[in-house]
Every structure is written in C-alpha cells, then in structure tokens.
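Enquirer: Take a look at the letters that make up each chain.
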Amino acid sequence: MTDTKTEIIEADILVIGGGTGGPMAAIKAKEANPGLKVVLMEKANVKRSGAISMGMDGLNNAVVPGYATPEQYVKEITVANDGIVNQKAVMAYATGSFPMIQYLDKLGVKFEKDGSGEYNMRKVHHMGTYVLPMPDGHNVKKVLYRQLRRLQVAVTNRYMATRLLKAPDGRIAGAVGVNTRTSDFLVVKAKAVVLACGAAGRLGLPASGYMFGTYENAANCGDGYAMAYHAGAQLANLECYQINPLIKDYNGPSCAYVTGPFGGYTANNKGDRFIECDYWSGQMMLEFWRELQSGNGPVYLKMDHLAEETISEIETILHTNERPSRGRFHERRGNDYRKRPVEMHISEIGFCSGHSASGVWVDENARTTIPGLYAVGDMASVPHNYMLGAFVNGGIAGRDAAEYCANVELTDYDEGYLAAEQERVLAPTRREDGLTPNEMEFKTRRLVNDYLEPPKVTAKMEIAQRRFAEIRDDLSELCVRDPHELLRALEMQTILDCADMAAAASLYRTESRWGFYHLRVDHPETNDDEWFCHTVLYKDEQGRMAHAKREVDPYVVAVEADEMAAYHQLRVKTPAAAE
Amino acid sequence: MPIITQAKSAAVVIDDAKCIAEKGCTVCVDVCPLDILAIDEGRKKAFMKYDECWYCMPCEADCPTGAVKVNIPYLLR
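Sequence lines, in order, name chains R and F.
Each residue of the first sequence is one higher than the last, beginning at 1 in full-length UniProt numbering.
Each residue of the second sequence is one higher than the last, beginning at 1 in full-length UniProt numbering.
Hints are computed from structural coordinates only; laboratory data are not their basis.
Mixed in with the good hints, there may be bad ones.
Capping the alpha-carbon separation at 20 Å, the derived lysine to aspartate or glutamate pairs in DMTMM-like fashion look like this [as the list claims (entries may be wrong)]: (1) F:K8 x R:E485; (2) F:K49 x R:D482; (3) F:K49 x R:E403; (4) R:K248 x R:D336; (5) R:K142 x F:D62; (6) R:K37 x R:E403.
Predicted, not measured: the structure shown is a model, and the values here were computed from it.
All chains should be modelled from the sequences, with the hints used to inform the complete structure.
Expert: So this is what it looks like as structure tokens:
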C-alpha cells in the first residue's frame with residue numbers, strides 16, 4: 001500500500017460531493033458558462049450518493065406563489081430558529097425556491113399536482129404552508145445524473161477529498177483526494193471550490209449500537225466540516241445540533257411530514273397529541289424529550305385511526321422513496337400502520353443545517369469566509385434548508401463561482417502542505433499492527449453520546465474534551481490493511497474533529513437556545529443580551545480552536561416580538577378542568 | 001496490538017444463481033454509497049464484504065437480474 005501514485009489535474013471549478021447541492025452547483029456553473037472545466041469529486045458514486053440516494057418523498061420548504069411568499073418563509077424560519085439567522089441567505093433561498101421547483105419539474109422530477117396541474121401544497125409548519133409531496137420522487141438522482149452527463153461535467157467517483165489547498169495569499173487553490181479503492185491521490189487545482197459534503201451524520205452513536213444505522217447517509221460523516229475547519233474557514237452555530245424524532249432502531253424518518261397532511265400525528269403512550277405541530281425544530285424536540293421524561297413515553301406516530309385507502313397511500317409513498325427499507329423493517333417487527341402506532345425516539349446528535357442550523361458560515365451567495373470557497377446543502381449555514389435548499393444554494397454557488405472564475409487565475413499551493421497531508425493520510429498504512437478504524441470510531445462516537453448529548457452539562461463536556469484528546473494521541477497507533485480501511489480511518493479522523501468542534505462550540509455559548517438542541521443545564525435561560533448572535537468557530541493562526549461572536553445582520557423581514565415566541569408554544573394546552 | 005478478525009452476519013444477501021458478475025456486471029458494487037460490496041474473485045459472484053450497511057437499497061433496486069436482497073441488519077431489526 002505504500003506504492004501510491006499522485007495525479008494532478010486542473011479545473012476551473014472543483015465541486016466536492018455529488019449528492020444534492022454538489023451536482024446542482026456543477027450544473028448551474030456549466031449552464032452559466034459551458035466553457036468552464038468543472039470537476040465533481042465524489043466519495044461514492046454520483047449515481048447513488050448522498051442523502052437522496054433513493055430519492056425523496058417531498059419538498060419540506062417549498063415557497064410556492066399562492067401558498068406562501070418569500071417574506072412569510074423568511075419569517076417562519078427566523079422564528080423557528082430563535083431569531084439567529086442570516087436573513088439575507090434565507091431570503092436568497094426563498095426567492096430561488098419556486099424557480100428551482102420549476103427547473104426540476106422541467107428536468108423530469110415528479111411533484112404532486114392536483115387535477116388542474118397545480119402543485120398540491122400541504123401544511124406541516126407551525127405558521128405557513130410549505131410541504132409539496134413527491135409520491136413518485138424516487139428518480140431525482142437519475143434526473144441529476146442525466147443533466148451532469150448532458151453538460152459534460154467531469155465526474156471522479158470513489159475519491160474522498162481530505163484537505164483543501166490554499167494559495168499563499170489565502171484564497172482557495174484546490175483540494176487533494178484519495179481513491180477509496182487504490183489509495184492513489186488526485187490533486188485538483190481549481191480557481192473555485194464548492195464544498196457539498198452533506199451533514200456530519202456519523203457523530204453520535206445510534207442507540208442500536210449499529211455504527212452505520214444513522215439517520216443521514218452514513219457516508220456523510222462531516223468531511224466538509226473538517227476540511228473547512230482545517231482550511232481556516234468559519235463554522236457557525238455548531239452547538240445548534242441536529243437531533244431528530246425518528247423510528248426507534250430503524251433511525252429513519254417516520255415520516256410526520258408525509259403522514260401529517262393525511263391525518264397522522266405524534267402521540268404519547270395514551271394516544272394523545274402533546275405537540276401542536278410536527279415540524280422538526282429544537283422546541284418540538286424539547287417537548288418530545290419532556291414527554292419521554294414525564295413517563296408518558298414512548299412517543300408514537302399514530303395512524304391507526306385513518307381509513308384503509310389513506311394508509312395504503314401513505315405506505316406506497318413511504319416504502320418506495322427516500323428510505324424504502326422502512327417497510328421491510330416494519331414487516332419484520334409486525335408493525336402495521338393500521339393496527340399499531342410506530343414507536344419513535346430521539347436520535348443521536350449530528351451537525352446539519354438542512355434540519356437545524358449547524359454549518360460552515362456562508363453568505364447569500366453561498367460564499368464562505370475563504371475567497372473562492374463555497375459551501376452548500378446540509379453542511380452550509382443556511383438553516384432548515386432541506387433538499388430544496390441544497391438545490392437552490394447549490395445553484396447560487398455554481399453561478400457565483402462561474403463568475404468568480406472569470407476574474408482569477410489558477411494559483412499554486414504550498415507543496416510542503418500537500419506532502420505533509422499525504423503523509424498524514426498514509427500513516428495508518430505504514431503500521432503492522434495497532435488499533436482499527438472501527439474501534440476508534442466506535443469509542444469516539446460512544447463518548448459523544450455519553451458526554452455531549454443534551455441536556456448539556458459543562459463538567460461532562462469538559463470530560464469529553466479530555467477523552468477526545470486521549471483518542472487523538474491514540475491516532476499514532478491507527479492501523480489499516482487495505483484502501484477501504486484507510487477510507488474508514490480518514491472518516492474516523494473527520495468524526496473526531498467534529499466531536500471536538502461539537503464540545504467546544506457547546507461550551508462557548510453560555511446560555512440555552514433552540515429548545516433541546518442547545519439545552520445547557522448550567523445555563524438554563526436564553527440570554528438575548530449576551531447571546532443574540534451567531535457563534536463562529538475557526539482554526540486560528542496558531543492552529544488552535546478559536547471562537548467569536550458574529551452579529552445577526554439587520555433583518556430584511558421584520559418580526560414582531562409576539563410572533564417571535566410562536567415556536568415556544570408548541571405544547572398542546574391542557575384544559576384547566578382536566579387536571 | 002495485533003489485529004484479529006471476527007465473524008459478522010451479512011445483511012445484504014446475493015442469490016448466486018441470479019448474479020451475473022462472471023459476465024462482468026458490477027452494478028451493485030458500483031452504486032453502494034458505503035462501498036461495502038465486492039466481487040469474489042474465485043467464485044465470480046458479488047458478496048457483502050464489510051458490515052457497514054445503511055440499508056438504503058440501490059444495490060437491490062439497480063441489480064439487473066434481481067439477485068440482491070437487503071435485509072435490516074440484525075442489531076436494529
């Protein structure tokens with residue numbers, strides 16, 4: 001394994017990650033300027049990679065004229081995220097939302113329409129109507145792949161990007177990747193780089209103990225977060241974890257957004273509703289957690305009161321899209337939506353702006369704090385962005401990067417840095433024996449569960465930091481026997497980086513915010529005087545993990561104080577006479 | 001420390017009678033997001049090589065002969 005080759009290629013734009021936002025960035029860059037050389041580097045295979053590997057059962061945040069305005073959407077997300085949003089970036093998404101739906105529709109993605117051909121919108125959010133079902137949404141990846149081929153985007157499958165390369169003046173110069181089957185290196189020199197690596201979804205350990213039984217595609221283990229950090233980019237609000245209400249053990253969505261509009265709802269063990277709205281927010285997760293604490297658990301998704309034809313329709317949608325093995329899981333358990341509600345639980349933690357707000361800082365043009373570096377999708381800081389957000393922001397990044405490229409030349413990177421990185425990558429291949437990637441990853445993630453999960457306790461998070469440092473020392477014993485194990489060894493180091501970032505970011509914000517996502521036992525109150533701001537985490541000049549506050553820019557859509565509290569009143573009110 | 005190898009059950013099952021890997025087909029191996037499938041060089045059949053399955057099902061959906069079955073891994077079944 002020590003005999004690895006290094007190939008160096010040049011491109012105008014390098015997109016890292018071929019799931020959702022990445023392909024759209026490549027597509028929109030090529031549409032903007034077909035003369036550009038665009039390389040798409042993917043750790044798996046673009047045909048079936050990323051969060052929407054098997055398609056998607058609906059748009060969760062569609063801003064469709066007649067149902068919602070961009071202003072209403074920006075307000076809803078501002079409120080759902082406790083006011084800590086870069087509204088300009090949310091507005092850029094909201095105004096791009098409908099044109100992107102029309103674009104995808106034209107390419108062949110199927111959305112639910114009524115008899116007159118209008119989009120069949122449903123209400124799931126607390127305030128507005130933003131859900132558009134996709135009962136035949138299983139072909140999204142095929143549609144994207146066709147468009148990538150049509151526009152001649154150069155695809156390199158099975159290369160895991162490990163580090164970004166920078167020019168002496170600090171702008172982006174490209175990235176280095178390693179082949180997951182040969183361990184050969186590929187260096188791509190590029191004028192602009194778009195990071196689209198998905199969530200950090202392999203951070204906590206699923207309660208089942210199965211390391212790959214994650215909510216996110218398990219390949220989405222936080223590579224983009226780690227690469228952005230090591231390059232010196234700012235990462236925002238990482239303490240606003242992703243924590244989701246999922247099917248227990250299966251760890252996939254149950255999925256209330258699909259079933260809700262049909263009459264399904266989240267219930268306690270008495271079959272009663274306890275939350276007014278099933279839209280995933282930190283406040284909703286807090287009520288979910290409280291219900292479990294109160295002895296009214298488990299929490300279920302209840303559908304057994306629905307009519308047979310409704311349940312059949314729900315089954316068809318849920319068992320053919322996004323996570324089709326749901327049906328197989330239920331069958332084995334003897335679960336039948338008609339007879340028994342589906343047991344749910346609280347997922348392990350992760351980073352994901354797609355569902356919460358933890359991501360690499362980007363502005364309304366998807367630009368990070370490093371010139372020429374963009375971030376999109378689940379790993380970029382635009383909150384509650386979901387699949388459609390990844391498409392819209394991917395498109396924004398692709399167009400902006402195409403424009404940026406016109407004014408810059410390819411630049412050299414630091415050869416010494418590349419050599420050191422190649423040595424870091426290959427170090428585990430040079431050992432005869434030692435610790436395996438599997439056990440080092442398991443231990444890291446088990447400690448994440450033990451010490452970082454909310455309710456967050458200062459003393460526990462400090463223990464986590466000490467234990468993570470011990471694991472970091474143990475990296476000198478990390479040993480692999482083939483390229484596949486090397487892939488896992490590199491991912492394990494990414495996961496350890498994310499674990500350190502999760503602890504540090506959570507300790508920095510000394511208040512509680514975002515419901516359950518950042519519930520700090522030692523600082524239980526929300527403190528707007530001190531903490532009505534973004535937090536950013538970055539690697540400083542000395543290579544240390546540093547933090548800063550970043551002001552919330554003036555809102556482009558005003559939100560009244562009484563509106564701001566809407567998501568704090570999610571618990572169903574108990575009539576006075578009942579108690 | 002020396003490294004040992006331990007037995008695991010395979011959630012992804014290939015029907016050898018239907019698998020056409022000997023004709024050069026590698027579809028299931030190509031589409032797996034976690035890269036856990038491989039072709040057995042001796043038998044020329046696909047198999048699950050690593051216990052790292054996300055039970056996402058492209059291998060089963062894309063197999064041209066219907067040879068692949070994805071079961072839910074035992075730990076979370």
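Enquirer: Each hint should be assessed against the structure and marked as holding or not.
Expert: Verification of the hints:
no.: 1; hint: F:K8 x R:E485; in the structure: holds, 16 Å
no.: 2; hint: F:K49 x R:D482; in the structure: holds, 13 Å
no.: 3; hint: F:K49 x R:E403; in the structure: violated, 45 Å
no.: 4; hint: R:K248 x R:D336; in the structure: holds, 15 Å
no.: 5; hint: R:K142 x F:D62; in the structure: holds, 11 Å
no.: 6; hint: R:K37 x R:E403; in the structure: holds, 13 Å
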